[in-house]
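A.B. asks: Working from the sequences, and respecting the hints, build out all of it.
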Amino acid sequence: MGRSGPGRIIALVVSLGITLAVSGLLYYWFREAAFLGNDYQSTFEPASENAEKVHSVYVLVFWLAGAVFVGVMALTLAFSLMFREQEGAEAVQTHGNSRLEILWTFIPVVIVVAMAVPTFDAIVQIEGDAPDNALEVTVVGHQWWFEFRYGDEGIVTATDLHIPVDRAVHLSLLSGNYQADGSFIDNDVIHSFWVPRLMGKKDIMPGHENHLWFTPTETGTFLGQCAEFCGLSHAKMRFRVIVQTQEDYDAWVAQQQTNPADPTDEQLLAGQQAFSSAGCIGCHTINGVSQGLVGPNLTYVGERSTLAGGWLDNTPAQMEAWIRKPSSVKPGSHMPDGLVDNLSQDQVDALVAYLQSLR
Amino acid sequence: MATAVGTVGQTTEHSKIWEWMTTVDHKKIASLYGVTGFTFFLVGGIEALLVRTQLARPEGTVLDADLYNQLFSTHALTMIFLAIMPLGASFFNYFIPLQIGARDVAFPRLNALGYWMYLSGGLMLTLSFFFGGAPDGGWFGYAPLSTTAFAPGRNMDFYTVSLLILGSSSLIASLNFVVTIINMRAPGMTMMRLPVYMWMTLVVAFLLVLSLPVVTVGLIQLYFDRNFGTNFFTPATGGDPILWQHIFWIFGHPEVYVLILPSMGIVSEVLPVMSRKPLFGYAAIVFAGAAIGVLGFGVWSHHMFTTGLGTVPQVVFSASTMAIGIPTGIKIFNWLGTMYGGNIRFTTATYYAVGFIALFTIGGISGVMHASPAVDTQHQDSYFVVAHIHYVLFGGAIMGIFSGIYYWFPKMTGRFLDETLGKVSFWVMFIGMNMTFFPMHFLGISGMPRRIYTYESGLGWDTWNLVATIGAYIMAFGVLLFVINFFKSMRQPQTAPDNPWGGSTLEWATSSPPPEHNFDVIPEVRDRDPLWYNRDHGIELPPKPEHMHIHMPPPSYYPLIIGAGVTLVGLGLLAHLGVAVAGALVVVYGVWGWALEPTD
Chain A
5 MGRSGPGRII ALVVSLGITL AVSGLLYYWF REAAFLGNDY QSTFEPASEN
55 AEKVHSVYVL VFWLAGAVFV GVMALTLAFS LMFREQEGAE AVQTHGNSRL
105 EILWTFIPVV IVVAMAVPTF DAIVQIEGDA PDNALEVTVV GHQWWFEFRY
155 GDEGIVTATD LHIPVDRAVH LSLLSGNYQA DGSFIDNDVI HSFWVPRLMG
205 KKDIMPGHEN HLWFTPTETG TFLGQCAEFC GLSHAKMRFR VIVQTQEDYD
255 AWVAQQQTNP ADPTDEQLLA GQQAFSSAGC IGCHTINGVS QGLVGPNLTY
305 VGERSTLAGG WLDNTPAQME AWIRKPSSVK PGSHMPDGLV DNLSQDQVDA
355 LVAYLQSLR
Chain B
-1 MATAVGTVGQ TTEHSKIWEW MTTVDHKKIA SLYGVTGFTF FLVGGIEALL
49 VRTQLARPEG TVLDADLYNQ LFSTHALTMI FLAIMPLGAS FFNYFIPLQI
99 GARDVAFPRL NALGYWMYLS GGLMLTLSFF FGGAPDGGWF GYAPLSTTAF
149 APGRNMDFYT VSLLILGSSS LIASLNFVVT IINMRAPGMT MMRLPVYMWM
199 TLVVAFLLVL SLPVVTVGLI QLYFDRNFGT NFFTPATGGD PILWQHIFWI
249 FGHPEVYVLI LPSMGIVSEV LPVMSRKPLF GYAAIVFAGA AIGVLGFGVW
299 SHHMFTTGLG TVPQVVFSAS TMAIGIPTGI KIFNWLGTMY GGNIRFTTAT
349 YYAVGFIALF TIGGISGVMH ASPAVDTQHQ DSYFVVAHIH YVLFGGAIMG
399 IFSGIYYWFP KMTGRFLDET LGKVSFWVMF IGMNMTFFPM HFLGISGMPR
449 RIYTYESGLG WDTWNLVATI GAYIMAFGVL LFVINFFKSM RQPQTAPDNP
499 WGGSTLEWAT SSPPPEHNFD VIPEVRDRDP LWYNRDHGIE LPPKPEHMHI
549 HMPPPSYYPL IIGAGVTLVG LGLLAHLGVA VAGALVVVYG VWGWALEPTD
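Which chain is which? The protein sequence lines are A and B, in order.
Under our numbering, think of the first position of the first sequence as 5, with each following residue one higher.
Under our numbering, think of the first position of the second sequence as -1, with each following residue one higher.
Misleading hints may appear alongside valid ones.
[Said to hold, decoys possible] Covered stretches of chain B, going by a simulated chain A footprint (3 or more residues, C-beta under 8 Å): (1) 210 to 217; (2) 233 to 246.
[Stated by the list, open to error] Selected chain B positions facing chain A (in silico; Cβ < 7 Å): (3) A63; (4) G130; (5) G131; (6) R274; (7) K275; (8) T304; (9) G323; (10) R343; (11) A356; (12) Q376; (13) F440; (14) T452; (15) D496; (16) P498.
[What the hints assert, rightly or not] Across the chosen pairs, the derived CB separations fall in these ranges: (17) A/V113 to B/V579: 55 to 63 Å; (18) B/T493 to A/A118: 51 to 59 Å; (19) A/Q250 to B/I468: 33 to 41 Å.
The set of hints was computed from the structure by calculation and includes no laboratory data.
Cβ atoms here follow ideal geometry from the backbone N, Cα and C, with glycine treated the same way.
C.D. replies: Here it is, written out as structure tokens:
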């Protein structure tokens, strides 16, 4: 039966050695992929209390998985080496071994139970209701951008979600469009709200209001991205969560609650006129200027970190490229091409300058 | 045209092509399934290569978003419905009668119909690229993205119609397999003497019989939503997109086991024969396979952990999903137990079988990882899941299928595949496979969502995407080596003996390739490993009788007619309902002729 004595031991040692070497390499790469730092969207670097709970389960499951991997790989290799065809060797004719089989039924049972208990504990905690003092924000998913509505504060913004650190935030997730009378129509597709460092994802379902809450524990900018396939520009439906100190957040709220000052500069005034004449007002709101409800609220668009659903940097050049031909940036974009084709270059410059001034 | 009593394998006066078009011989139908399935496997592979080429670098420009979405959707549909399932069906067809000691399947003409409908649905799905666009809403076709408001083209109609045809084809085939295995076993072959491969086939056939009707209903509802203004899945008008997800995954999850269980069966045949000892823990492997099948119906919502199910469903579906890890673990340990103490001949088939254990284990482990809903909120719809499914489907299903091809090729063709080229091709595929799919774990951990046609640089995804793309081309080269091996072998003379590997099951008791009637005398089964029992007890197979009174079913063109009618119905549903009515009339004509056709 296979190799005998020393040959068998060598085969075992070699197999274990190879398996551990491979596992070590894989572990190194896992670490490289997991610990990326700020400005990445690692699923392994939690920055909120609830993400921390998910993470502790994840770490446990990761090590259990690693142990099974090492065990099965080493045995598969070892048996392949030990029982490779030998001159004159005979296979042992066994049909099974009840004791052994019962034993190895219990191995997966134990592993699964070890996973299940902390998992269930975590689910109950993170799926439970948000604390009463949580900041309430409604997230509306659109093809292909995120809208954020702060009901109590009366703020509507897009793509950048501002929240204070160390306070729970409770997100209500909706897919569709608010109407002028305040009603809501579920006329969009399924999206998914995912900021890996702050929390696992939750789908934004038309026809169902979903909820997600977490308490960020670090300030900073956290990258997020739609995780449910939602059509042509699914890849470009990104957003950021900006976690601020309470003071910074309060200042941001205070600014958002005032209307932008009317422009006095001549170019900006021309830009504001272009905003009307090119038809932007039909879809976009700028508080005190227009009341469109189809596209993102642009009241303080100039201060946002990104444009076009988080795909472009918010610079005048990128903004011009975007409004000239949205479909070249985001295929299928609901903002039509050619809206500013009838404007002169000066007017387009003015429009961009005006929008950039909204900060 | 009857096969006269007392003669077998008589030549026909018709051409070769007509012979293949009217055949009801399970071995010929298996060959049709096999060649067609492998061709579609190559098509699906090309689709995957295009997808990987686009993703090789950030902000790639090889494909645009629209074509990318069509390609990733069609890649999945092709590999699942047009490659892995039919390749499974090919082996089922060939080896059910041979392994249970029967002359054909229970309903030979239905068997042919199953193939023609598969070909029809497969061509419809693939040629959609040239008729307005292929399905672009994913293989899961989530509403409302798949409804006309968001997918106004014909793309998703090609999806519903071709899947309806393919589903009916599988349903017909599965019913046939269930009846055959239960009713047509050779004398002495009790259920607990059934080869494990037959057990897995039976479980798969039951899974399909029970799950396909569910998705059929869903597909009809989606077709109605799209074409007749119903509102099953549109929330703005009172429908519910969650309903579609439940319907789809009640089919979709058993479907995963439909893809993997046949390969588990193949490995359970190859390992004992190559180790020269009986399968370790036959009963446990059989029960584990059946348990996976049963539990497979109770886990569908784990595909929906992030849809806002609530606490209790998350706990319940998490528990049932984790429970599937137990029978799966049992199987893996039993395969290792089979290797232990063996005198293992490392043929190419063995390489693929052992490769299956290693790679499928990785897919199984990551599967149990996201059985935890907490972990799954970070895995779902990320590249971690892409890595998982490809370890299960390529590392598992495809590796098993290749093992089966190398193992049974001499039986099916009378020729061996080149072992050296086979092993080279295995290693190329194995390395390419791991290079492609293992880095996807890292991409998932770094937060890369799946189904994105492009990504920005600077998120830590660039290197591993490039590695994965290079791996995909290496893997494709490995498949190419297999294709070369195939054509090389087919030019060799038929020299394979009846039982080249020393196998224990009945297919090795007849010639390679088997005669049309499979066995001159139906063998009697005295043990789970009948040929080994006969060998050890000095029992000879009965000699070929002088006069063979064997009745074989005659060829029939009615399956082809019904298949053509179904194709017309399908095209009519896509183009004009008048054509569908004409197609229905052709089907009625075919059924009428079929019913009245003399059977001898």
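A.B. asks: State for each hint whether it applies.
C.D. replies: Here is how each hint holds up against the structure:
1. Here's how the stretch 210 to 217 of chain B fares: 0 of its residues keep a CB closer than 8 Å to some CB of chain A, so the rule of at least three is not met and the hint is violated.
2. For the stretch 233 to 246 of chain B, the stated coverage by chain A holds: 6 residues have a C-beta nearer than 8 Å to a C-beta of that chain, and at least 3 were required.
3. Annotation: B/A63 was flagged as interfacial toward chain A, and the flag holds, the nearest CB pair being 4 Å apart, inside 7 Å.
4. Against a cut-off of 7 Å between C-beta atoms, the interface hint on B/G130 is violated, since the closest Cβ of chain A lies about 16 Å away.
5. Of the supplied interface hints, the one on B/G131 is violated, with its beta-carbon coming no nearer than about 12 Å to a beta-carbon of chain A, more than 7 Å.
6. About 4 Å separates the beta-carbon of B/R274 from the nearest beta-carbon of chain A, less than 7 Å, and the hint is met.
7. With a cut of 7 Å, the hint placing B/K275 at the interface with chain A holds, because the nearest CB-to-CB distance is about 4 Å.
8. Evaluation of the B/T304 hint against chain A yields a held restraint, the C-beta minimum of about 5 Å falling below 7 Å.
9. Given hint, B/G323 at the interface with chain A, holds; its Cβ is 5 Å from that chain's nearest Cβ, closer than 7 Å.
10. Nearest Cβ of chain A to the Cβ of B/R343: about 5 Å, under the 7 Å cut. The hint holds.
11. Hint status for B/A356: holds, given a least beta-carbon distance of 5 Å to chain A, under 7 Å.
12. Restraint check, B/Q376 versus chain A: the minimum CB separation of about 4 Å is within 7 Å; hint holds.
13. Interface hint status for B/F440: upheld, as the beta-carbon distance to the closest one in chain A is roughly 4 Å, under 7 Å.
14. Using the Cβ-Cβ criterion of 7 Å, the hint placing B/T452 at the interface with chain A is satisfied: the shortest such distance is roughly 5 Å.
15. With a least beta-carbon distance of about 21 Å to chain A, the hint placing B/D496 at the interface is violated under the 7 Å criterion.
16. Because the closest C-beta pair between B/P498 and chain A is about 15 Å apart, greater than 7 Å, the hint is violated.
17. Between A/V113 and B/V579 the C-beta distance comes to about 57 Å, which sits within the given range of 55 to 63 Å.
18. Checked against the given bound of 51 to 59 Å, the beta carbons of B/T493 and A/A118, roughly 54 Å apart, stay inside it.
19. Roughly 49 Å separates the CB atoms of A/Q250 and B/I468, a value that falls outside the hinted 33 to 41 Å.
Checked against the numbered hints listed earlier, the structure breaks hints 1, 4, 5, 15, 16 and 19; every other hint is satisfied.
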